[in-house]
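Asks: Spelled out, the chains give:
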Amino acid sequence: MTFSLLHATDFADRLLYKIIPPLKAGMIVLADRYAYTAFARDATRGVDRQWVRELYSFAVKPDLVLYFRVPIDVSLDRLMARRVKLKFYEAGMDLGWSNNPVESFRLFQGKVLDEYDRIVDEYGLEVISAGESITEQQRLVRSLISRQVATTNAEMTDDEPL
Amino acid sequence: MTSPSDPSAPVDGANGGIQPGRYYSRGIPYLPIDGYPGKLIAVEGTDGVGRSTQIQLLREWLEVKGYGVVETGWTRSPLMQPTIELAKSSNTLNKLTFVLLYATDFADRLEKEIIPALKAGFVVLSDRYIFTALARAGVRGIDRAWLRTLYGFAIAPHLVFYLNIDVKNLIQRVLATRGMDFWESGMDLKTGDDIYDSFRSYQNKLLKEYASMADEFNFRVVDARHPIDRIQDELQRQVEAFLEPSEKPAEPALAR
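Chains X and R are the protein sequences, given in the same order.
In this text, residue positions in the first sequence follow numbering that gives the first Met the number 0: the first is 0, and each later residue adds one.
In this text, residue positions in the second sequence follow numbering that gives the first Met the number 0: the first is 0, and each later residue adds one.
So here's chain X without its partners, still in its complex pose (with noise of 0.2 Å):
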């Protein structure tokens, strides 16, 4: 619950610092992870699934949600190359189910991306396939911004005259 809640008072303090004034200034923003990722993350750990949904219901709903969907073998692979000891909330240590960070962290991200599967399904998410080349993940990133932006262009009507 305190993991989940803190995480949730970060995410307030960014929300109204750091999205909510460019949105009204008319900028795009980029989120790197969203609420989504509390939504998949805090179910793992057992807190109640629509309670954290509803926790989050002060946040501002995205024009566009895009998920890079990846096997757990690709991205421990991934992680694995980079750096030799996997974070410990990133694994789930945190849950006791193996000692072994490796083997917990296949155990943990699975679930999580079990909870994935599903809030794509509820909210819409855009799913990308992160198994692709980096080229061909940006080509089909850009075709859905692009798309986004235009129709949202259109809508945009509040310039004051110089």
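Read the hints as simulated data drawn from the structure, not as lab findings.
The model shown is predicted, which means the values in this text are computed figures rather than measured ones.
30 Å max Cα-Cα, derived DSS-like pairs, lysine-lysine:
| no. | chain 1 | residue 1 | chain 2 | residue 2 |
| --- | --- | --- | --- | --- |
| 1 | R | Lys-204 | R | Lys-167 |
| 2 | X | Lys-23 | R | Lys-94 |
| 3 | X | Lys-60 | R | Lys-94 |
| 4 | X | Lys-110 | R | Lys-111 |
Using the hints provided, position chain R relative to the given structure of chain X.
Replies: Positioned in the frame of chain X, the structure of chain R alone reads:
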């Protein structure tokens, strides 16, 4: 929490939708609390109303009777207290983060102090409970339905005593003791520079918020203008009537 009263429930203003000793709503799925032997007693009331004095006396009385007693109080969690103090002093807190920090503190104490104590059969005396958070946030314009959902992981106390006072008496009591402080005067609401006026208007609103929760959460309202002893007698009478039918603790070794 707004469900209509169960007709079989006691008629003393009790809310049938609330089951003492159980989670208010969805609770904490990984911490089932059914059948825990401990009792949770909350003493609520605004700043300076005399809660701590009464809790101190209740604790001594209960311990003499042979009960194990654990106290818990607002923002006393080891995890969150330094963070909350830091955030209060840094001027970066807004209404929402304020609410969430308090909720985190409460969650920490619930998981690490209150639930383990209830499991072990203690009487837990809580100096303030979620109602203080609901009142403070309600006054600051946070959505009341959202707040009740947020605190749906809390345990409904077996007894909630609400020490009720009017603003005039409260002002005299606070001025006679430690004086008015920035937060207790709601100076963050920026209704004016005058601390006296701000205290009066802020505490007035807080008292209204508390009063509006009395039926919803089955408060046992106690008149806090009475002398300390008389209030204590009243609390002891009600606590005794509640604890008596439940399992009695071991008699003290020496009868005096």
